[in-house]
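Each protein sequence line maps, in turn, to chains W and X.
Going by this note's numbering, the first residue of the first sequence is number 1, and it counts up by one from there.
Going by this note's numbering, the first residue of the second sequence is number 1001, and it counts up by one from there.
Among the clues, some could well be false.
To be verified - Derived BS3-like pairs: lysine-lysine, alpha-carbon spacing no greater than 27 Å straight-line:
hint: 1; chain 1: W; residue 1: K104; chain 2: W; residue 2: K48
hint: 2; chain 1: X; residue 1: K1042; chain 2: W; residue 2: K661
hint: 3; chain 1: W; residue 1: K438; chain 2: W; residue 2: K311
hint: 4; chain 1: W; residue 1: K780; chain 2: X; residue 2: K1231
hint: 5; chain 1: X; residue 1: K1042; chain 2: W; residue 2: K780
hint: 6; chain 1: X; residue 1: K1208; chain 2: X; residue 2: K1100
hint: 7; chain 1: X; residue 1: K1005; chain 2: W; residue 2: K653
hint: 8; chain 1: W; residue 1: K657; chain 2: X; residue 2: K1042
hint: 9; chain 1: W; residue 1: K9; chain 2: W; residue 2: K63
hint: 10; chain 1: X; residue 1: K1005; chain 2: X; residue 2: K1089
hint: 11; chain 1: W; residue 1: K20; chain 2: X; residue 2: K1100
hint: 12; chain 1: W; residue 1: K48; chain 2: W; residue 2: K14
hint: 13; chain 1: W; residue 1: K653; chain 2: X; residue 2: K1174
hint: 14; chain 1: W; residue 1: K653; chain 2: X; residue 2: K1100
hint: 15; chain 1: W; residue 1: K657; chain 2: X; residue 2: K1265
hint: 16; chain 1: W; residue 1: K63; chain 2: X; residue 2: K1005
hint: 17; chain 1: W; residue 1: K564; chain 2: W; residue 2: K580
hint: 18; chain 1: X; residue 1: K1174; chain 2: W; residue 2: K457
hint: 19; chain 1: X; residue 1: K1010; chain 2: W; residue 2: K661
hint: 20; chain 1: X; residue 1: K1089; chain 2: W; residue 2: K457
What the hints assert, rightly or not - Per the computed footprint, the stretches of chain W lying under chain X, defined by three or more beta-carbons under 8 Å from a beta-carbon of chain X, are:
hint: 21; region: 418-425
hint: 22; region: 698-708
These are calculated hints, taken from the structure and not from any lab test.
Cβ coordinates follow ideal geometry from the N, Cα and C atoms, glycine included.
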Amino acid sequence: MTLIGTSVKRVEDKRFITGKGRYTDDIVLPQMTFAYFVRSPYAHANIKSVDISSASEMDGVVKIYTGKDIAESGINGVPCGWQVDFKNGDTMKEPPHPLLVADKVRHAGDAVAVVIAETYAQAKDAAESVMVDYEVLPAVVNAKAATQEGAPLVHEDAPNNLCFDWELGNPKAEVDAAIEGSHHVTTLDFINQRVIPNAIEPRSAIGHFEGHNDRYTLYTTSQNPHLTRLLMCAFVLGIPEHKVRVVSPDVGGGFGSKIFHYIEEALVTWASKQIGRPIKWTAERSESFVTDAHGRDHVTKAEMGFDKDGKITALRVKTYANLGAYLSTFAPAVPTWLHGTLLQGLYTTPLIHIDLEAVFTHTTAVDAYRGAGRPEATYLLERLLDTAALEMGTDPAELRLKNFIQPFDGVTQEGYQTQVALQYDSGNYHEVLHKALKMVGYEDFRAEQKAARENGKLLGIGFSTYIEACGIAPSAVVGSLGARAGLYESAQVRVQPTGKVSVFTGAHSHGQGHETTFAQVVADKFGIPLEDVEIVHGDSESVAFGMGTYGSRSLAVGGSAIVKSIEKVLEKGAKIAAHKLECSAEDLEYAGGKWTVKGTDKSISFGDISLTAYVPHDYPTGVEPGLDFSSFYDPTNFTYPFGAHIAIVEVDKDTGKVTLKRFIAVDDVGNVINPMIVDGQIHGGVAQGIGQALFEGTIYDESGQLLNASYMDYVMPRADDLPNFEVDRTVTPCPHNPLGVKGAGEAGCIGATPAVVNAVMDALTPYGIHDIEMPVTSQKVWNVINGN
Amino acid sequence: MVPYKVSYHKANSVAEAIELLNKYEDECKIIAGGHSLVPMMKLRLAEPENLIDISGIEELSGITETENFIIIGACATHADIGRSDIIKKHAPMLEQATNKVGDVQVRNFGTIGGNIAHADPAADWPTLLLAANAKIIIQNAEGTREVDADDFFQGLFSTDMEENELITAIYIPKSAANRNSVYRKFPQPASRFALVGCAAAIEVRNGKVANARVAFAGVSATPFRDSGIEKALEGRNFNAESIEAATSNVANGVSVMQDHFANEKYRRHLAGVFAKKALTDLA
């Protein structure tokens, strides 16, 4: 039986659904203390004084640190991992992000002090007694407003609150001329709103310094434990990396927000040494709302030109990207290299230009959130396409088919070179849309819609045909684009003497099911039972190095690294087998868990060879004992999944409520290892994308207060908001990695959002309405259809 | 999310609960299901020093009936009410409401007494009790008193109760109106409380509306009956035309709440839409 392509049930689910998962907050260490952070209630204020005298006297308080203590300790702030330069070549503004601020707070939730106490409740009680005297200052929350003359400054050394400006694409003058000369130009001014990741498990960190052997352990809720270790050791605390172990146990979701290195991780690690005891910090949900890095938040004007035949002539984009108050780990990369580079979409647009300003505001930091840049690019393109179709009176599906890049496999045909730096690996864009149109029954729907309109009902259909870029690589390229890390992955495949296999991967599941998918790959390649494979991840002590899990990279990059190590095992195994079978390695073939001499029935099993490797009595000369190989895989290109999503909605005229009637998703993520897991990823992503379209979004007031910082007010999509998703796929293998896989984690979230908004606009065609700002709430819809 | 330090007292009888209430005065809170109070405590918006747990008091549980009333014990849970055949038969709107309150866990723990004592204007029960013409039975050291639902809810999180009092039961009249009753709700998408909820109980006699009680949740800081709708219906034929006329100016003269889900205009409009839906269901 082949395991690749089979919907094996997830092996990790036994512990998850029986409540036996082991998350950071489940870990209890002897002598452990608890930290609670004193956070600013204001978005922008000078700290005039911090009085800890009464708090220090309270029950159970072990130690209180303030921003002044941190400043005096000489610890650095948390660094940014990606550098983008100004158009003129100047380095981006990179203000420090100290572990605790001493002089000035820059967003509501900024950490001013930390109380460490015997219990969590005592720490919290004492934190409320830390008296901070603030001088409140005016704040700015909107990215475009922040760049205007006279806007309050977030950092004194960043004039106009500009972190950097940036452009990409064809010469601006050419694009301008093409837009001016177009037969039709569709323009959208919109905000891609800020959303909050809302992982079900709040962030948590335990710092544990053991003086007797001078070693630190940090347990943390990270998608990226090795990078956290590197950043914390080398840039923040200046402690030796080999003396620091970072463990990220089971992680309950992240959606990007747990990629980054946060102040709390470094603080509990540092303070544990100072007090000589372990320190646990776990975010309260209210803290998560204001301290987990947020996502999206672009103010954009986008213009797309068309010729008289409906062919796209040019795309011009101006975006203000909100980075929040501090630079989170990958923040500069998201609106630039993960966004501007995707503006080609699936279309042959000959001229593209994006001009971007990345801006500081008095808000929580913004960084990668499921899709990271690609949903923003997709939203922009797909809203333009459907709006253009409405304006020009053409069919939105036809308009897309007319403008699609022709199919190319990336093997016999070259990859597609875009106008915005990327070269797509392989694609067949017509096929996904045709398949989705067939699934939806497009012609029947248009007839149904017409009949519904005659009966006063508002039905609408919306399209989104997207491309995304996963597994960003190779390291040399991302380095030239400003990444301060490589983007390869490591994998060690250790065959035990009895033929059981332990795999150590630098990818780190926070819900994706790596323990199943990776095991399927290994068991399949070795021809051994799935139960004979164990996947080890999330511990810097066991795994050599890793770049973590984000950007749908785990299988494409991490899985490929595993395959490289498998190949090395099989190659060495063949040498041992050849010795045992008295033939040459070239005469052997490996299948079904054994090496067989071609054309004979002489064979030797995987288990016999692994035992021989560790008990090398009868053994080939010049071959080392053992069967254990590591690989570092650095891809040659990104991978480019794509798909077609179609939403059907009904709008209730009386209430403005949008009901999603159907959602069709045809995605091409390359080869599929576990269809059930891929479908699950698509389902989750689609739900999240719908969340942004209809429900989610921060509401800041002018003073920088987040008004909907709880589940009583921040609307998450729920099961009863969603229809049964109709998902299918096409398979266009990735030509440049050994598994032919592209990545599935973000696709749903990238494709879904514009499909839903487009469907609402289609439903509202009788009212001549072409845009409503997300989230498309009942109130907004009711307002526009009533001309309010 | 941890509350301030709190002492816990288990009351085994109503008398004992009242004794504890008198002992701790303004430094205590009654707890039953804890689904309104505990979140407030965890957010540190409420900080009682003592909790008096009445959830195990037998005499406060269950749903029974007399000739003229349904008697709902203060500690009956939303789920208890939803499962009750008596409720189903005599006041269908109450049953309809139960599957709109929170989720299964909330419904299994949250109690009707706790809900109305908390008096959240967006909660369902206060409005339903107004429409049902319910009586709230309140006990203190001196004895019991009966308060009409109309007089019980006095404002945002504010009721007619004194600190030393306990709700023991809710009486729902077995009336023709309550037998012909409905609850329609447009949930706030995050909390699923009522952005607008409309409870209507209509008695039709000889083709005419003999008695109408129409109340709203989520619209104003205090749940209220809309006398404009009621008066417009009473004595009229109960049909699309009279409903249309009666719901044309809902919440007239009432101060309407605003939040980022619904401004005044939209909320008022929704109230009209849901009043119409509710009444149309009954006509």
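Outcome of the hint check:
no.	hint	result
1	W:K104 - W:K48	holds (9 Å)
2	X:K1042 - W:K661	violated (38 Å)
3	W:K438 - W:K311	holds (24 Å)
4	W:K780 - X:K1231	violated (33 Å)
5	X:K1042 - W:K780	violated (33 Å)
6	X:K1208 - X:K1100	violated (31 Å)
7	X:K1005 - W:K653	violated (50 Å)
8	W:K657 - X:K1042	violated (33 Å)
9	W:K9 - W:K63	violated (48 Å)
10	X:K1005 - X:K1089	violated (45 Å)
11	W:K20 - X:K1100	violated (32 Å)
12	W:K48 - W:K14	violated (53 Å)
13	W:K653 - X:K1174	violated (37 Å)
14	W:K653 - X:K1100	holds (23 Å)
15	W:K657 - X:K1265	holds (16 Å)
16	W:K63 - X:K1005	holds (21 Å)
17	W:K564 - W:K580	holds (25 Å)
18	X:K1174 - W:K457	violated (40 Å)
19	X:K1010 - W:K661	violated (50 Å)
20	X:K1089 - W:K457	violated (35 Å)
21	418-425	violated (count 0)
22	698-708	holds (count 3)
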